[in-house]
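Take the given structure of chain A and dock chain B with the ligands to it, following the hints.
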Amino acid sequence: MIPAPFDYTRPTTVEDAVTALRAGGAGAKVIAGGQSLVRMLQRRLVRPTLLVDVGCLSRMREVVEEPDHLVIGATTTQHELLHDARVRAHAPLLSLVARHVGDPAVRHRGTLGGSVAHADPAGDPPAAVLALDGEIIVEGPRGERVIPSAEFFVGPFRTALEPDELLVGVRVPKMGEGWTVHYEKFRLSAQKPTLLGVAVMVRRVGDCFTDAHIALANSGSTPVRATAVEVALVGADVTEEAVTKAADLLDGTMEPFARQGVSQAYLAHLARVLTRRAVVAALSW
Amino acid sequence: MRRVVITVDGVVHESEVEPRLLLVHFLRDVLNLTATTIGCDTGNCGACTVDLDGASAKSCSVLAVQADGSTVTTIQGIAIRGERHPLQRAFHERHALQCGYCTPGMIMAARDLLGRVPCPRPEEVREALQGNLCRCTGYQNIIAAVIAAGREQGGPA
Ligand SMILES: Cc1cc2nc3c(=O)[nH]c(=O)nc-3n(C[C@H](O)[C@H](O)[C@@H](O)COP(=O)(O)OP(=O)(O)OC[C@H]3O[C@@H](n4cnc5c(N)ncnc54)[C@H](O)[C@@H]3O)c2cc1C
Ligand code: FES
Ligand code: FES
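So the protein sequences, as listed, match chains A and B.
Each residue of the first sequence is one higher than the one before, counting from 1 in the numbering used here.
Each residue of the second sequence is one higher than the one before, counting from 1 in the numbering used here.
So here's chain A without its partners, still in its complex pose (with noise of 0.2 Å):
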């Protein structure tokens, strides 16, 4: 399949490609690894008239430590966010969902920034960067802007950055000491999107939890947290038991966008089950 012509520019800094990006207008469109724009691309799902590439901004690809933070720059592909020793010291649930993001040759390619702005319901990384309460750096021509993930997914592949707005990076918390983490996928068959992903954050001290993050993707239109079973497991006993009894509050009413042809008893009795196990393997971590 042939994708509809379109213009290209390859700017060098962020304000150049902001700048492509205002002067393109509607058609304008960004282009960083092409894991899943040239597919669209092909279908001619999308068809820009110009493709700003991100691809060469050497600001966007940096991971910056702060104190307490950690920003991964939004051209750092999957790759790097599963081998970079900073990523996987204070991000580990990064470096753990990157590991499902397709197969080597894809995650060579593919970005942080591009799986969150593309906001695929069915994509691994929004969820993750939703459990950590991450935040979406944004720049275009009114400045600089931060969004926390909870606002930033608003329905399937729409996110809330502007057309003339560049995805900069991803701001997350280091992990503190206590918590572990777990993403735990489930699909139909091997080359089939996620049917079902869970990421969880648990923080426990001596016999108890007490933080819990949980977020799962394509439940809904958007990643969503698990706020029931979240609730239930702070001051939780540290046991199987309590464990189930908190992801059984997950709520069975889930719409997601793509549901691949199971029921609705099928997905939700999945949520609960895929739920428990990742709690359980988070505690193992």
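Please keep in mind that the hints were generated in silico from the structure rather than gathered at the bench.
Please note: incorrect hints may appear among the correct ones.
As the list claims (entries may be wrong) - Residues of chain B clear of chain A, computed beta-carbon distances all greater than 12 Å: (1) 37; (2) 66; (3) 78; (4) 85; (5) 105; (6) 136; (7) 141; (8) 151.
Said to hold, decoys possible - Below, a list of computed lysine to any residue pairs in the SDA-like style, where the Cα atoms sit at most 25 Å apart: (9) A:174 with A:100; (10) A:192 with A:156; (11) A:192 with B:136; (12) A:29 with B:5; (13) A:192 with B:130; (14) A:174 with A:145; (15) A:192 with B:39.
All residues carry an ideal CB built from backbone N, CA and C; glycine is no exception.
Coordinates of chain B with the ligands only, in the frame set by chain A:
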């Protein structure tokens, strides 16, 4: 049209391309390097895998303009001083291909793995070839060939 300079298998190519041209079409249709195959055109099968600046990439999922200034190695550029690459020999000797359609991509993905993990375990080979489909062999001989080539290159495991 846009002017690109792309080094492919050691040769610098300067061309005018349409921005919508995929890298795999640039290789096959512009440069006539047709050993790199197209199996799916959707990023799933891995037949079109090449090395792009030192890392494997599916050339059907990259625009040629994105590769401007880059160095590409295809299956046609991996022979060492005219001798088959150890992976090519191992695939040949261990019957790791039948129709051969997946083989260029399979070998390029395996080459990427051996560049990072010289003597991989079978699980590591399976994981590295996750994005490469073969409709003929059943994979067992492919995995054995990759392990054998790794041993040959990296010395005894
Ligand atoms: C074979 C295959 C398997 C895959 N499997 C998975 C999987 O298991 N799980 C999963 O989550 N994903 C999967 N993906 C999807 C893909 O890997 C991701 O969506 C991601 O890597 C895209 O990043 P990219 O840099 O390639 O983005 P692109 O394709 O370049 O862009 C995607 C979208 O984001 C926008 N965008 C990108 N960067 C920015 C930015 N900095 N600012 C503003 N907008 C931006 C683009 O305009 C476009 O709309 C798979 C893809 C393939 C080809
Ligand atoms: S042709 Fe590129 S992955 Fe199948
Ligand atoms: S040998 Fe025929 S597809 Fe692999």
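Q. Do the alpha carbons of residue 174 (chain A) and residue 100 (chain A) lie within 25 Å of each other, as the hint requires?
A. Since the Cα atoms of residue 174 (chain A) and residue 100 (chain A) sit roughly 21 Å apart, the hinted pair holds (cutoff 25 Å).
Q | residue 136 (chain B) remote from chain A - nearest C-beta pair above 12 Å | A | 17 Å, holds
(Q) Holds or violated: residue 29 (chain A) and residue 5 (chain B), Cα atoms, limit 25 Å. (A) 24 Å, holds
Q) So is residue 85 (chain B) really clear of chain A, every C-beta pair being over 12 Å apart? A) The claim stands: residue 85 (chain B) keeps its Cβ more than 12 Å from every Cβ of chain A (closest is about 18 Å).
Q | 12 Å cut-off, C-beta based - residue 105 (chain B) kept clear of every residue in chain A | A | Nearest chain A Cβ is 9 Å from residue 105 (chain B), so the label is violated.
Q. Hey, residue 174 (chain A) versus residue 145 (chain A), does the alpha-carbon distance stay inside 25 Å?
A. 21 Å, holds
Q: Over 12 Å to the closest beta carbon of chain A is the bar; see if residue 151 (chain B) clears it.
A: 21 Å, holds
Q.
Please verify whether residue 192 (chain A) and residue 130 (chain B) have alpha carbons no more than 25 Å apart.
A. 13 Å, holds
Q) Taking 12 Å as the cut and beta carbons as the points, is residue 66 (chain B) off the interface with chain A? A) The claim is violated: residue 66 (chain B) sits with its nearest Cβ about 6 Å from chain A, within 12 Å.
Q) Does the claim that residue 78 (chain B) lies off the interface hold, with its Cβ farther than 12 Å from every Cβ of chain A? A) Non-interface label stands for residue 78 (chain B): nearest chain A Cβ at 16 Å, farther than 12 Å.
Q) Does residue 141 (chain B) really sit off the interface, with its C-beta more than 12 Å from all C-beta atoms of chain A? A) 19 Å, holds
Q. Residue 192 (chain A) and residue 39 (chain B): Cα distance at most 25 Å?
A. 17 Å, holds
The structure does not agree with the numbered hints 2 and 5 stated previously, though it agrees with the rest.
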